[in-house]
Amino acid sequence: KYNVYPDLSNMRDESPSLMTEDSQAAFVTRLETAGHVHGVMGVSISDLSATDEDEWLLLQEVAADISYGLSRIEAEQLRRESELRMTHLALHDALTGLPNRTLLNDRLNVAVAQATRNSYKLAVMMLDLDYFKDVNDSLGHSVGDKLLKEVGQRLVRVLRRSDTVSRMGGDEFIVLLPQISSAEYAAKVARKLLNSFKEPFLVERHELRMTTSIGVALYPEAGEDAESLFRHADTAMYRAKDRGRDRYCVWISERDEWQCGS
Numbered sequence: 013k014y015n016v017y018p019d020l021s022n023m024r025d026e027s028p029s030l031m032t033e034d035s036q037a038a039f040v041t042r043l044e045t046a047g048h049v050h051g052v053m054g055v056s057i058s059d060l061s062a063t064d065e066d067e068w069l070l071l072q073e074v075a076a077d078i079s080y081g082l083s084r085i086e087a088e089q090l091r092r093e094s095e096l097r098m099t100h101l102a103l104h105d106a107l108t109g110l111p112n113r114t115l116l117n118d119r120l121n122v123a124v125a126q127a128t129r130n131s132y133k134l135a136v137m138m139l140d141l142d143y144f145k146d147v148n149d150s151l152g153h154s155v156g157d158k159l160l161k162e163v164g165q166r167l168v169r170v171l172r173r174s175d176t177v178s179r180m181g182g183d184e185f186i187v188l189l190p191q192i193s194s195a196e197y198a199a200k201v202a203r204k205l206l207n208s209f210k211e212p213f214l215v216e217r218h219e220l221r222m223t224t225s226i227g228v229a230l231y232p233e234a235g236e237d238a239e240s241l242f243r244h245a246d247t248a249m250y251r252a253k254d255r256g257r258d259r260y261c262v263w264i265s266e267r268d269e270w271q272c273g274s
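Heads up: the sequence shown at position 162 corresponds to 174 in this note's numbering, and the numbers run straight through without jumps.
Hints were generated in silico from the structure; no laboratory data involved. Take these hints with a grain of salt, some might be off.
As the list claims (entries may be wrong) - In silico DSS-like pairs for lysine-lysine, Cα to Cα no more than 27 Å straight-line:
(1) LYS204 <-> LYS161
(2) LYS133 <-> LYS158
(3) LYS158 <-> LYS210
(4) LYS253 <-> LYS204
(5) LYS210 <-> LYS161
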């Protein structure tokens with residue numbers, strides 16, 4: 013369906029793109045497929061008397077081809093957006109939006125390869141919120157979930173852009189510090205993370221004062237693969253809890269050696 017406007021005097025302000033010095037009339041039709049309107053095509057006409065029905069039909073065919081092309085472009089955009097959403101969901105925690113274990117493992121494998129090649133260290137930190145269960149029990153899971161989001165965002169703000177904060181589930185987070193120079197640097201970051209909890213979390217008008225216990229495992233001392241690093245970081249985290257919580261412990265060796273601080 014199309015319209016031919018023989019008098020453009022009333023359209024000069026509304027559709028200036030159709031106006032030329034010798035414009036006399038305009039052919040206007042919608043660009044649509046299956047009832048979905050993509051836009052409007054307008055063609056200015058200098059001599060209306062020199063046109064006939066065949067030319068209108070030709071313009072309609074051109075409009076139909078353009079509409080088909082636009083529909084294919086939009087369909088491809090929707091497909092790509094859907095793929096990106098699915099990929100994001102597959103690699104990120106649904107609650108916090110942080111990288112999940114799958115994405116963390118990928119980044120850790122890359123970090124290990126880089127550390128081996130360039131003789132760097134890296135650190136894996138296991139964080140567990142202290143007494144988080146009390147928040148869920150007293151204030152409900154809605155508050156607990158929002159608290160976890162706030163914790164994740166605060167951890168991200170404290171760290172470098174090259175670091176990774178991942179949520180493993182529950183109230184457990186893992187931090188990956190790639191390309192670090194020493195165990196002292198990892199301990200410094202652990203203290204920085206502990207200090208970030210000094211400011212209370214404001215969730216649904218509740219002022220929540222939280223602490224965390226942190227276990228640290230260093231590559232290559234604590235292992236040269238993800239499983240070993242995660243296991244030793246987890247062991248160090250429980251040692252931090254045993255030492256009174258609100259502190260960090262760095263795994264040193266299998267001989268029950270630790271470096272702890274707060």
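Here is how each hint holds up against the structure:
1. At roughly 19 Å between alpha-carbon atoms, LYS204 and LYS161 fall within 27 Å of each other, so this suggested pair holds.
2. Restraint check for LYS133 and LYS158: not satisfied, since their Cα atoms lie roughly 34 Å apart, outside the 27 Å limit.
3. A C-alpha spacing of about 18 Å is found between LYS158 and LYS210, which places the hinted pair at or below 27 Å, so the restraint holds.
4. With a C-alpha separation of about 18 Å, the suggested pairing of LYS253 with LYS204 holds against the 27 Å cut-off.
5. About 17 Å separates the Cα atoms of LYS210 and LYS161, which keeps this hinted pair within 27 Å; it holds.
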